[in-house]
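Each protein sequence line maps, in turn, to chains X and D. Residue 1 is where the first sequence starts when you use the numbering used here, and the numbers rise one by one after that. Residue 417 is where the second sequence starts when you use the numbering used here, and the numbers rise one by one after that.
Misleading hints may appear alongside valid ones.
[Claimed, not checked] For lysine to aspartate or glutamate, the following EDC-like pairs were computed, each having C-alpha atoms within a straight-line distance of at most 16 Å:
#1 D:630 with X:193
#2 X:16 with D:726
#3 D:632 with X:213
#4 X:356 with D:506
#5 X:19 with D:742
No lab work stands behind these hints, which were simulated from the structure alone. Everything numeric in this text was worked out from a predicted model, so none of it was measured.
Number of protein chains: 2
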Amino acid sequence: MSVRELAEKTNQAYQKFLKQGSTKLKNEILESIAEGLDCNREFLAEENKKDLENGAKAGLSTAFLDRLALNEKRIQGMIDACREVAQLVDPVGKIENMVFRPEGFKVGRMRSPIGVIGIIYEARPNVTIEAAVLCMKSGNAVILRGGSNAFHSNMALTKILQEALKKHDVDPNLISYLSSTDRKAVDEMLVQDDLIHLIIPRGGEGLIRSVVEKSKIPVLKHYKGVCNIFVDKYSDIDMAVRITVNAKVQRPAVCNSLETLLVDESIADQFLPNALQALQDEGVEIRGCEQTRAIYSKDVISATEDDYYEEFLDLIIAVKVVDGLDEAIHFINMYGSAHTESIITQDVSHAQQFLKEVDSASVMVNASTRLSDGGLYGLGAEIGISTDRLHARGPMGLEELTTYKWIVIGDGHIRE
Amino acid sequence: MSVRELAEKTNQAYQKFLKQGSTKLKNEILESIAEGLDCNREFLAEENKKDLENGAKAGLSTAFLDRLALNEKRIQGMIDACREVAQLVDPVGKIENMVFRPEGFKVGRMRSPIGVIGIIYEARPNVTIEAAVLCMKSGNAVILRGGSNAFHSNMALTKILQEALKKHDVDPNLISYLSSTDRKAVDEMLVQDDLIHLIIPRGGEGLIRSVVEKSKIPVLKHYKGVCNIFVDKYSDIDMAVRITVNAKVQRPAVCNSLETLLVDESIADQFLPNALQALQDEGVEIRGCEQTRAIYSKDVISATEDDYYEEFLDLIIAVKVVDGLDEAIHFINMYGSAHTESIITQDVSHAQQFLKEVDSASVMVNASTRLSDGGLYGLGAEIGISTDRLHARGPMGLEELTTYKWIVIGDGHIRE
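So here's chain X without its partners, still in its complex pose:
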């Protein structure tokens, strides 16, 4: 089947599901997927083993193979995910802001599915299930395309997904998999803008930039997280140290961890020795500006300008002394990646100014950047975090996988 044909079939399945896809049916399908995964643990392990063996032969890294593995814990995680998504409120059909207009008709907005969503991701087979169930619960059809090293695992998972759809008389093409391992197949998918309505790439920056370059379809993406914390002159120093350490070391390899620490010069003398010592106690490498090194010099490397743009994703931090809130905001809007930033302050005006002027997806007061997360924000499961500014910004849950339509209820109303 060509990519065009696959997109056509998926689009047709979407159209049918517009009519068929009640909340009850969607939740029943989710339970059937959970059961399908549960009954096929052995089959999944066998298929996954093929990928793992091929990967080992091909010399893939241990970390890569770890992400590829469908062990018992990951399979249970996928089963749990299906049941958790079944518990989430269905956003489709929700009517917002319905009002009577002066002319006597009613106008409002109804949440509705986006349509056909293409998900392009790496060799992490659990994403196959998580992406498919979130798209389906929000009434969308999906075309999945995972990394080719997970081919056998993804084929097995797709079989389970499609069997569950068939069991409920739903067109199995609602959850399609682009099985060609030819890279050109992805390029071809990205130009089907009459059939596919959104592309969500998940992976490294190179993959994402290449998708944006080639796609005629709108793309929702996550480039990187260069998160900043600014310690204001009116901050509680103990709190500032505690939040800084948490944001840097609690899980350094993820996008919402801290990369650059800014501090007001009038509090730097008191804050930096405590904070940098605490970071070093946790094994963090410090790259400081000249003022930082003048205050605390022990094992502090000199920071370069490039360090302030860098997403270290590791136990490394850049530290800079600034002359106040205005410079901090300017610095963050210039060097940051508009992901998540936090101010530590007890001053209400400074907090308000930071919230208003920092131009990022998540802006915080007295909180660790690690709290930037769909689950913690109350979205339930998360399809990803957007660093885009349109449609969805920051963590994306079920509602961010929908759009709206205007609904108008008249009683013979015409345009005069």
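We have chain X; now place chain D onto it with these hints.
Same frame as chain X, but now just chain D:
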């Protein structure tokens, strides 16, 4: 100045305006623009005359020259637009859905500007003012690029816009104009995705497709309006005729006018003779399916399949008899352009099914498709109508020119 430099300067102006752009200041600037237009009526007329004379020499059509003309009425319209936009509620800073999370911190969303918006449009100089003031009021910077036949008019208008900004100590690059008439300059603008955040093209389908093809920046667009009305078997026939005639003839050249009329076969005998006679009385050409022609044959041309995809923008209508609501919905989702559709029915279940399953930007019950309009929906001024599914769908007002950021207020909260 290169396109890159222009984009950089506009982006810098945007950053400064994040801090500076209070509602009060924005409204004062709008009043200064209105005054600037009012004081410069003669200057505008002179500059516009250059464009009109060049256009006449180049053999442009009367309709083209009419759209290009800045007559007294159009100038007054621009002045009024500035003052109307000043009256609209400023969406920036509005906080939505603020809640305490179980962990004890607060999370909500704050409306914020999108950033730098590029507007590409045809030789209609009044769009220069309307687009600029809507973008500015919503806190955005804008790069304008109008049709080259309006060059002198647009330079004059840009001068007035920038003088008003300077008067209030705002960086005049907040409202920039891409003055190179080289088409390559537009292509270059479309790849500055680190500096420009949104492109809104306004014009013919060819222009828009070319922008989508070349742009690395997200595009919000309006392709076309192939609007449908379905007359259900439970409809009030007088109402159905009145709405049909209004939707087709009240202003046939615009996107929300009716193009295809569908009727349930069980009511076609009663409805079609009345409706088609009434349309013909207004000078409408009828293109009917075989069943339509069997019921009413007088001057009814045979419809081809292409007619159902066609945006006539003229006194022409396609008419088709269908075997019920399901076929009507399927037909609309297949042939329509997902702009605006209406069902005429007295049956609540049919109305609900139509609202749920028709996959268009505006879906109506017992109303003329001509009501699909930002002003009538209560949005105030309208930057355009989107046929996209992401970010904004249907009429776009000030709020659709904003995005949101997540705000988190903690009290020392960290990730455990």
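(message) Next pair to validate is residue 630 of chain D with residue 193 of chain X; report whether the Cα-Cα distance is within 16 Å.
(response) Measuring from Cα to Cα gives roughly 14 Å; hence the hint holds.
(message) Need the status of pair residue 16 of chain X, residue 726 of chain D: alpha-carbon distance at most 16 Å?
(response) Violated, at roughly 24 Å.
(message) Against the 16 Å threshold, does the CA-CA distance of residue 356 of chain X and residue 506 of chain D hold or violate the hint?
(response) This hinted pair holds, its Cα atoms lying about 14 Å apart.
(message) So if I understand the rule, the pair passes when the alpha-carbon distance is 16 Å or less; does residue 632 of chain D with residue 213 of chain X pass?
(response) holds (6 Å)
(message) Checking one constraint from the list: CA of residue 19 of chain X to CA of residue 742 of chain D, max 16 Å. Satisfied?
(response) Status holds; Cα separation ~9 Å.
Violation of the numbered hints given earlier is confined to hint 2; every other hint is satisfied by the structure.
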